[in-house]
Structure formats: structure tokens, C-alpha cells
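Chains as they are written, first to last, in numbering that gives the first Met the number 0: chain A, 0 to 243; chain B, 0 to 232; chain C, 0 to 259.
These aren't lab readings, by the way, just hints derived from the structure by calculation. Keep in mind the model is a prediction, meaning the values are calculated, not measured. Accuracy of the hints is not assured; some may be wrong.
[Said to hold, decoys possible] Computed list of lysine-lysine pairs in DSS-like fashion (alpha-carbon distance at most 30 Å, straight line):
| # | chain 1 | residue 1 | chain 2 | residue 2 |
| --- | --- | --- | --- | --- |
| 1 | C | K55 | A | K75 |
| 2 | C | K167 | B | K23 |
| 3 | B | K188 | C | K227 |
| 4 | A | K111 | A | K75 |
| 5 | A | K130 | C | K227 |
| 6 | C | K227 | A | K111 |
| 7 | C | K167 | C | K194 |
Below, each chain spelled out in residue letters.
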Amino acid sequence: MISFSKVNKWYGDYHALVDVTARVNKGEVVVVCGPSGSGKSTLIRTVNRLEEIQSGELTFDGRSVHAPMSGSELNKLRSHIGFVFQSFNLFPHMSVVENVMFSPIRVNSMGKSEARDKALSLLERVGLASKAGAYPAQLSGGQQQRVAIARALAMEPPAMLFDEPTSALDPEMVGEVLAVMRSLANDGMTMMCVTHEMGFAREVADCVWFMDAGSILEVADPQTFFKQPQHPRAQRFLSDLRTH
Amino acid sequence: MKDFNLMAILLNPEFSAMLLHGLKTTLLIAAGSWTLAMTLALILLAVRLTPSRVAQHAVATYVSYHRNVPTLVQMMLWYFGLASLLPATAQAWLSEHSAEAVFAVISLGLCQAAYFSEDLRSGFRAVPLGQTEAARALGHSYIGALRHVLMPQAVRNAIPALVNHSVSLFKNSSLAMAIGAAELTHAVKELESRTFRAFESYLIATVIYLLISLLIMAIGAWLGRRAALATAR
Amino acid sequence: MTDLVAIISDNWLLLLVGQYPNGPLGGLACTLILSILGIALAFPLSVLIALARTSKWRLLSWPATALVYGARGVPLLMIILWVYFLVPALIGRNVSGFTTMVCTLVIYEAAFLAEVVRSGIQALPRGQMEAARALGHNYLGAMWSVVLPQALYNVMPSMLSQFVSTIKETTLGYVINVHELTFAASQVNNQLLTKPFHVFFILAVIYFIVCWSLTQLAEWLERRIATKRRGVSTVRPAVDAENIVSPIATDRPVPVRSIS
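Chain A with its partners taken away, still in its complex shape (with noise of 0.2 Å):
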């Protein structure tokens, strides 16, 4: 579904990506993990070309990312990669259904009722069906990144990608937002994480990534990771997690 073929980026003289090759395949889920400035973020930005990348291929769906296209390719492309932020930018103006109707009636040019039914049925299945007519700002954290996720799910994308869709909520809103993403692993959703829940990732994932210094470093399936890293770096990244 995602394919990295020796993707190289550099911010000015900084190395961020150094020939990172892997691939995320129809239904799996993917955790990525690492110490901070390790590349991780950069790394799932560059899916849906929210960063650029200076060489290498990266393929979407069979669709090249980063191949030279016009702006409305782009956003088409951009429509059907689902991507949930860690600060869930929310659009604050509008209600939490308006939200997520906003963008299938915008883009993807849904009529407005059936937009409306499919928000609705989404913000039921993540839990917020009550919450419709509210704003965000009267919602809680773990409240707005769920409806965030609704959000990009009502784009009806083949992925989803997470950048750190936890790491800025208080530790009590943590774990609606992971069975969310729990419950979307289940139904199949094919997904890439970038998270510092190792709980999640022994539990769900399909597969480990282990970056540091925008390289992987280390790929396994969660058990083999957390049990027995083969890379010294990963090993003490995990002791340091167990340390605390």
C-alpha cells in the first residue's frame, strides 16, 4: 500500500531521511518508533507530501507521491490518504459534524444530507455521536483528536497515517483515543503510526519500525522487538522506556 525506495531528505545541510526503504502492505498495521529527532515524523509527513523529499520513490496506493504533478492531482491524492495530527487542528469555527461533512461536500462533491448521515454514523462509531452540534472548543482533548479521526475518515481513505495522535493529551484521554484506533486496526484499515505507545504497538501492530537518525534501524513484528532488539540502538531505547 506504502512503498519507501531509498527516500533521502535534507533540511539545508541536515541529513533527515537517509535512504529509508521499507513498505507497509494492505492491512497491516505499522508502528514507528525512536527517540526524538529520529526522523519519525518527518518521515510519515512525507506520505502525504507535507514534506518534500530530495530523491528516492514513495508510492501511495500505487501512486507516486512525489512524482511532479498539478495542484488539484495533488489535493486528489491528498483526499484519500487519511491523516490525523497530534494537535488534532480541528477546525474551530465549525460545529464537530460540520467538521467532518465539511470536506466529503467540498472535495469529493457529496451532497449535503448524505454527507451529513455518513458524519454522523462516524462520529457514532467513534463514540461522539452525542457531541454533533458542539464546537471544539467545548470538547476535551481525547474528544477533538476522535472527532479529528472521524474527520479523515469520512474521506473513505484505503490508510490512515497518525502522527503521534497521543502525545499531546493528558494520560487519562489516552486510551479512548488508542481504542479508536484499536477497533479501526480490527476492521482491517491499513495503518501507519508514529507513536511512544508501546502498549499499543505490542498490542496491535502487525509490524515494528525502530528509526533513529532518519534511518531504520531495525524491522520486526512486535514480539521479536520487545522481547529480543537486534540493534544496540534499539536496545536502549527500550531500556531507557523501562527505566522510567
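Mind docking chains B and C on chain A? Use the hints.
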């Protein structure tokens, strides 16, 4: 457009003299009012820092008046209004010594002092509270902390706003034309009525104003960079 | 004191509406109409200029920047003289002082308002534009539906401050014989001749009352908006136009932050 002939104005001795005189008057009015405004602003700030509620209200009223009444009206109030209240000897002296420019300087200076003092005040408020606490904790007196820690930082913070208002002050010198001062805009209008070359006359004045405004902004940017370097970590 | 009252009671109508109905509408009414027209027409123009300023196409951003620099580096009086000369030359017939003043105010205010709008756009968290683009919206669609509604709402107090400035700027109409409030006051002064201080004092008080009330309204608006927006994004509370700071010095500076 008829024949565009800039040189007809610039090379003509009488016209270029008019322009130079106008420019000189503009610069004098601007410099005079800037000095007055800055001095007064520092005094106002000092008054504002005293614990007296009356003093603070007085300054607030001063600022409020000068910010809500149009600058031109202030100038007219001084020139037409207050001048008439002066004794006859003073009035006679003034009309011999370019009263228009004097009153322009006074009214502009007082008006801009209000803006400058607000800029300095904002600069002050932008200094983190921890600075004063740290200075006092190290044993500095109130005045010492003010002089060595607060004021330098406050002024640095205020530089961009001060520069902006300085450009305003410079532009407002053109208002003196309305009370008859022979500054640059007045000179250019005279020129236009004499030569019927409105485009060339206005262009010269516009270029001069733009260049000086940009110069002030450039000085401001340079000052800002120097200030930033001094506080860079 | 009785002089003041006498002058007001004799001339209040002249000060309020000029010589209407025996002449054009003047006085305070004319001042307010000039200001409202000026800012209402300048507003859509200012949004366009702000968008051009923040655009990545130099063909758009450079002329817009030049326009803003120009309008703000040149005295308003000079711009009035230019408009007074150029407009009749361009359209082939004479225009009234009132029309000249409206055109000047529109140009001048559009430049300043553009900086206010630009500061509002740049103060909005990057994530808003990113989220809209990530969902597949194009740049203009995202601007229209997501960024501008928030940015314009947030800078409403600054725009109100700009309206107050416009009212103050209408006084320059006096120089080209526009029958606004200052002109009306000078007419009263020319009739009375012996009480210039009283007349101009009354003039100052009228302006003070109008401008001060609007400024209070702007400050109240700012407090309301700050509380409303506290919940979601880290939007900076809208600031009085005079305190926004920018590297390009003018009297309406603006914070500069990079945009995505």
C-alpha cells in the same frame, strides 16, 4: 501625459531653491518634534512608574486625548486656538519667527510623545517579571535594577514600535502645510501651481518622502539587529 | 464656559450635518459617511492584497509589497494630492473633493488593513492550513473556508481600531475643501472670528468622544474574542493595530512569522 520634464524643475534655480527650503523645513519640524516627543515620553514613563494613582491617571488621560483627537485638529487647536490666548507681545514675536513651524513642532511633539510613551510602556511590560526578581535577589536596589536590568531591555523591546511611530511622525510633518508652514508638501503644491507640472512636482516630493522613510526604517532594522545580537544566547 | 455652550447651541446643526439641505451633506455626518465608505470599500481590497502578500508567486507578492510600502511611506496628504490630480486625468472629467477623499482613503486604508489581515492569517496555527490541505482542499478553498473566517474574526478589534484611524484621517479633507467636520468647524470659526480656541476645543472634544467610544468598543471586543478562542487553538489575542510590530516600519506594524 504631456511632455514629462523633470529637469525643468530640478535644474531651475528658483524651483530647486523652493524645494530645498521645503525639505529643510520638513526636516527641522520632524527633528524638533521627535526630540520633544522622545524627551516627553521618557518623562511620562517615569511619572507612570511612580506609585501615585493620580499621576498614572494623568498620564493615561494625556495619552488617551492625544490618541483619539486627530493630529490635524490638535495642530489647529494650538495654532488657531492657543495662540490667540497668548499675550500680544508673544504673538507678535511668534509671527516674526515662523509661528507655523513652532506650533507644528509643539503639537506634533506632544502628540507623538503619547505614542512613544505607550511603546516604551509595552516594551517594559514585555520584560519578564523574573528579571526584576533576579536582580533584587542578587542584591540590587530598586533604582539599580531599573537602570541596569529593566530599562535596557524595555528600550530594546520597544525599538520596532518606536521606529514605526518615528516614521509616522516624519510623515505627519506634512500636516504643517494646513496651518501654513512652508514645508515640502506645501512647496510642491506651490511648484505645481507655478509650473502646471503636477506629475513631476509630486513625483519629486514622493521620492524624497519614500527615501527618508525607508532610511528611518533601515536605521530601525539596524538598531533592532544590534539589540538582538546583544541579547543573543 | 457659557461661551462654549453658546457656540454649541448656535452651531450644532452646522457641525452635525454641514449646510444640508441647503448644500452638500457635511459636518460629522459627512465625516462618518466618508469613514464608513472608505473602510468598507478598502476591506475586500485589503484581503486581496494580504493574500497577494502571503502568496508564493513573486508576480503577486512583489507588487503587493510595493503597494503597501508605498502607501505607508508617503504622507497621506501627498496621496491626496496625487489622487486629486490623477483621477480627473484618468477619467477625463473633474471629481469632487468628496470622491477624491474616498478614493484616497480606500487606497490608504487597504494598505494598512492588508497588514492587519496578514497578521491575522500568520497568527493562525500552521496546523489549520495543513489539516485542510491534508484533507485534499486546494489553497484558495482552504483560505476561504478555514483560514480567513478565523483570521478575520480574530482581527476584528484591530480593524475597528483602523476604522478609528480612518475617522481621524478624514480631517485631511479640510485641505481640499471637503465639507467634513473640521471644515465645518473652520467655517464656524470664520464666522465668529473672536473665539478660535473655543471652536477648536469643541471640535477636539467631538472627535475625542467619537474615537474614544469606538476604541473602548474595540477593547471590549478584544476581551470577548480572547476568552472565546482560549479553548482550542493557540491563537494570539487580537492586538490594537498600533502595537503590532513589523520589520517594515510604518504606523501599523505586523508580526512576521513564516507560513506553510
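Results of checking the hints against the structure:
The straight-line distance between the Cα atoms of K55 (chain C) and K75 (chain A) is roughly 21 Å, inside the 30 Å bound, and the hint therefore holds. With a C-alpha separation of about 27 Å, the suggested pairing of K167 (chain C) with K23 (chain B) holds against the 30 Å cut-off. For a cut-off of 30 Å, the pair hint linking K188 (chain B) to K227 (chain C) is broken: about 51 Å separates their Cα positions. At roughly 20 Å between alpha-carbon atoms, K111 (chain A) and K75 (chain A) fall within 30 Å of each other, so this suggested pair holds.
Of the supplied pair hints, the one linking K130 (chain A) and K227 (chain C) holds, its CA atoms being roughly 19 Å apart against a limit of 30 Å. At most 30 Å may separate the alpha-carbon atoms for a hinted pair to count; K227 (chain C) and K111 (chain A) meet this at roughly 28 Å. Between K167 (chain C) and K194 (chain C) the CA atoms are separated by roughly 24 Å; this keeps the pair inside 30 Å, and the hint holds.
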